[in-house]
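Guided by the hints, dock chains B and C onto chain A, whose structure is given.
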Amino acid sequence: MGYRAKFRVWRGNANTGALTSYEVDVNEGEVVLDVIHRIQATEAPDLAVRWNCKAGKCGSCSAEVNGIPKLMCMTRMNTFNPEDVVTVSPMRAFPVIRDLVTDVSYNYKKAQEVPVFEGPKDLAPGEYRMQQEDVARSQEFRKCIECFLCQNTCHVIRDHEENKKVFSGPRFLMRIAELDMHPLDTTDRKHMAQDDHGLGYCNITKCCTEVCPEHIKITDNALIPMKERVVDVKYDPVRWLGSTIKRRTS
Amino acid sequence: MKNGMLSAGRARISERTLRTDKWWLQPFVTFAVLISFVIYSTFRAFENANYYTTPLLSPFYSPCLAVSCVPGSSDLGQPIGSWFMLSPAFLILFIPLGFRMTCYYYRRSYYRSFWLSPPACGVGEPHSKYTGETRAPLILQNAHRYFFYLGLLLNFVLTYDVILAFRNENYEWGHLSVGTLVLFVNASLLWLYSLSCHSCRHALGGRLKHFSKNPVRYKLWTWTSKLNAKHPMYAWISLLWVAFTDFYVRSVSTGFFTNFYIF
Amino acid sequence: MERHSYDVVIIGAGGAGMRAAIEAREAGLSVALVSKSMFGKAHTVMAEGGIAAAMANMNSNDGWQVHFRDTMRGSKFHNNWRMAQLHAQESPMRVWELETYGALFDRTKEGKISQRNFGGHEYPRLAHVGDRTGLELIRTLQQRIVGLQQKDKKEFGEYEAKLRVFQECTITELMKDDSGVIAGAFGYWRETGDPIVFDAAAVVLATGGLGKSFKVTSNSWEGTGDGVGLALRAGGTLIDMEFVQFHPTGMVWPLSVKGILVTESVRGEGGVLTNSEGRRFMFDYIPDVFRDKYADTEAEADGWYTDPDNNRRPPELLPRDEVARAINSEVKAGRGSPHGGVFLDVSKRLDAETIKRRLPAMYHQFKELADVDITKEPMEVGPTCHYVMGGIEVEPETTATVGVPGLFAAGEVAAGMHGANRLGGNSLSDLLVFGKRAGAGAAAYINSLSTRPKLSDAAVKIAEQKTFAPLANGGNENPYTIHQELQQVMNDLVGIIRIGTELQDALTKLAELKVRMGKVGVAGGKEYNPGWHLVLDLENMHLVSTSIAKSAITREESRGGHTRDDFQEMDPKWRNKNVACFMADGDVQVKLKDLPMLPADLAALFEQSELKKYLSEEEYAQLPKEVA
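Residue numbers (the working numbering), protein chains in the order written: chain A, 1 to 250; chain B, 1001 to 1263; chain C, 2001 to 2628.
Just chain A, with the same shape it has in the complex (with noise of 0.2 Å):
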């Protein structure tokens, strides 16, 4: 069943770099990180890839396979022809450290920046009630691994540096949304969605969606939600009216 493979790994650091040509040896059932790790072993023993639990469930061996973003571990090679050239490349929305390990901080900066969960100050540990149908929905974002693919996907950042500074991306705005779904959450989360955190750039593209290794309906489920949220209390005159009127009477 096996064969030998062609790959394209690309090998350099933050100044230079090139795909480099390698031929490996592939086996049945194996997926593209274990042929990685095979170049690692053979032929490139200073081949630098990150990588944890290799099952999927840790979200580290993020990169770009055929220049589609996805993780080494979940991809499966039988779904290439034996014939074919696999290139492998890292993550090209982050700098590159070597090889395939790229700087993902920026994401760490913005998980930093979004408040956390504050929950109702009279209930203690264990008095907490919350019915399965109100948790769902913030149960789905939670599945998140942060493997970043969708951050490095989003051509908001990944064609324009500059809008690092004032767009969290979609991981982030999806942590926002969890929050102010989340049914005990006190913060309000939505004007902070849009001021601070840059809701306002995404044009739904969906291309975070589409490479989520978990299936996360981001934008619809996410950031289309989180969207209307927005326009109830910033954009939606009657809402706003409504709202207004409301917090004077009570």
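Be a bit skeptical, because a hint or two may be false.
[To be verified] A partial selection of chain A residues facing chain B, derived with a Cβ cut-off under 10 Å:
1. 6
2. 23
3. 25
4. 27
5. 29
6. 39
7. 41
8. 66
9. 127
10. 134
11. 165
12. 192
If you are wondering where the hints come from, they were derived from the structure by calculation, not from laboratory data.
Cβ coordinates follow ideal geometry from the N, Cα and C atoms, glycine included.
Frame of chain A; chains B and C shown alone:
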């Protein structure tokens, strides 16, 4: 390459994309279909003729509100006087146009296929600056829900047109023609497209924090969420069918073919 | 050289490390949290089933005493009773705390945390989120840490003023001051290869497991036993190293994913194990000590899922060691599946929608990695090295490492809590309970110090030389090859079933590998160089392997995660004996230590007949009359 994929520190890869699949196919098809629709509908809106043949009214002209409308086509009256010199289609076409232009799904499609922002996932876009929907004019996309409300009104009118189509050329009730079915399918698809809309989903229940306190709205939300998953499909089919419906009415009106009566 | 000073350095940012960091920061300490991989990627994310805590949300009969009893039974009465007691008592509050950090567990109809059945637990006890509970735990703790950083930003103007995460940073040596007290740690940045020194008054080891010493394992590359190596070299003691848990259900096919975990929840939700003849073989493997607790007919086993009060539980839910051995025996007897496992089928009992809802990650994993639709076909599964019960010997209350002042250990790297065998679900609760205690223990220790220990330049120099030496080595041995051979030795000779002669062979081969390890060569520079990293990890893996083999050869009985083919019975004489490993003369040495005796009030929680099965006659005779 003008865009930021070669910003300092990133991997020096000069290709705009390393994708090897036919990534350009989808935006190309989208572009072709949308542009064809735009050309056809513009022509029809300007044509100002062949939009009514008893008992069928083209959706491009329904409701027909101007004094200039052909006899029999104005079931909701003619509140717009003779000062309105343009085709009566322009009085209402801004609604479906606005609804679809601001639709979250169409936005995705035309940003990709017309504006190439981005043309496909992982393919560099040609623009050097990008501000998305943060400022005018694109900030107006946030008006989507108002077009949705107006679109709902239009759906009622088009449904009423289906009822009126249960007549024959002599305005006698109890008849059914192929045209009736065409109008019926058209109205149904437009309802599906509207009710699967993201703004509808938000209004029915999406904006709630606690579903458990609003069981009825939760049920509605669950139901519209199921439709919402098929929103892109409804968007395409309803678009094509609305053009076909108009084409059918025009063809009957010009005598290109006759409207066959089943009974 | 980059140098930082913190009150406490926590090594490992999995569940235990993060919980310790939270506790230490809340106690006012400045904290460095050092992680080999990226923040939020730790092996804890792999935990699927849930967190065991006797919250009694599903069955009001549950309580800490019941949980304690189950844990003791699961461990074959070989664990530290005080740790098991603290764990059972405190785990509910640790879970509830997570909710205040924003965790979203699956709910019951009353809106409480839903709890599921698991092997060895008498009542539904595992708080869970589908089958991705570990991810929820990691993310929740990670976000709590961010929350604390946001507070610090308000107070001190910087997110990382008092609590900083050092990611992709490996610690290679612990350093002590002249009086033998922990004074700091030495490591390197994986990305740049640059050295980094921490001055610290206390160090918490939360480095997790050591599965990478075995060929078939559910552990990720991080599981190299770093904490075990660091503690040994710093003068600490290991206990129970022979007790390695082989999870009964790992994937066996395709080869590239061999070992990846198939959660026990599959069986908890009704999954059935069959051999190639279609027989539900687990009925043939119910040991005597469990015979009254488990169903002996298929009808009764099936009835338990809907009516647990009137039926005994199915034997698929026996403790993990029993199930792993049973599968091993079936495969050896030639009744295995095509790829050398057995069949696990959940498709017959649950409909496709329910499977996708309750076991989404498993559905996903099999669909994408093996092309198997578990809603229609059975899975092929076999044992995989999953967890080590043994590890660093610690004080139960503070998690202070025995023999090394200033060093603490929590989570999988620590020993005592799980004895001879760990129950599913008890590891996540272990992380929380003892992670918190480690943070508090370190804080109390630092507050008790009159002067801060001082790190000498000489100590730093030694650590630096040792860490960077491999890069200058011109040897011709390939570290990847040596690693593979080490794994093969452990798999073949120190695996599920052990024999004295084979263990002896293993020690010989390990000694040979040790010699070859001195001749490894490293290609490339220090920047993100996995070859160099592996050489450094190999030393720890070798210490781990040697400790396991030496402990295994010492314990001449079979108990829990340690099965000797030449000593097949559980021997009460060995119950209260810990095999302890320590470093002397440059090698791992072994001695025996006594376990503390169960106090009378806790012994009274068990039936006399049960105590008789585990305790030796002398021990049983010593129990107070009202118990015995």
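request  = Return the status of the interface hint for residue 66(A): holds when the least beta-carbon distance to chain B is below 10 Å, violated otherwise.
outcome  = holds, 5 Å
key: Interface restraint verdict for residue 27(A) against chain B (beta-carbon cut-off 10 Å)   = violated, 23 Å
query = Against chain B, is residue 39(A) within 10 Å by beta-carbon distance?
reply = Constraint on residue 39(A) not satisfied, violated at 18 Å.
Given hint residue 29(A) near chain B, where the shortest CB pair must fall under 10 Å = violated, 23 Å
Residue hint residue 165(A), partner chain B, criterion CB-CB below 10 Å = violated, 13 Å
query = Was the hint right that residue 23(A) lines chain B, CB cutoff 10 Å?
reply = Cβ of residue 23(A) sits 18 Å from chain B, so the hint is violated.
Interface hint outcome for residue 6(A) [beta carbon to chain B under 10 Å] = violated, 13 Å
inquiry  = Take the shortest C-beta to C-beta distance between residue 127(A) and chain B; is it under 10 Å?
reply    = violated, 17 Å
message = Next item in the hint list is residue 192(A). Is there a CB on chain B closer than 10 Å to its CB?
response = violated, 15 Å
ask   = Do the numbers back the hint for residue 41(A), that is, is its least Cβ distance to chain B under 10 Å?
value = violated, 24 Å
ask   = Hint check: is the beta carbon of residue 134(A) less than 10 Å from a beta carbon of chain B?
value = Holds. Min distance 5 Å.
Minimum beta-carbon distance criterion (10 Å), residue 25(A) to chain B = violated, 22 Å
Of the numbered hints listed earlier, those contradicted by the structure are 1, 2, 3, 4, 5, 6, 7, 9, 11, 12.
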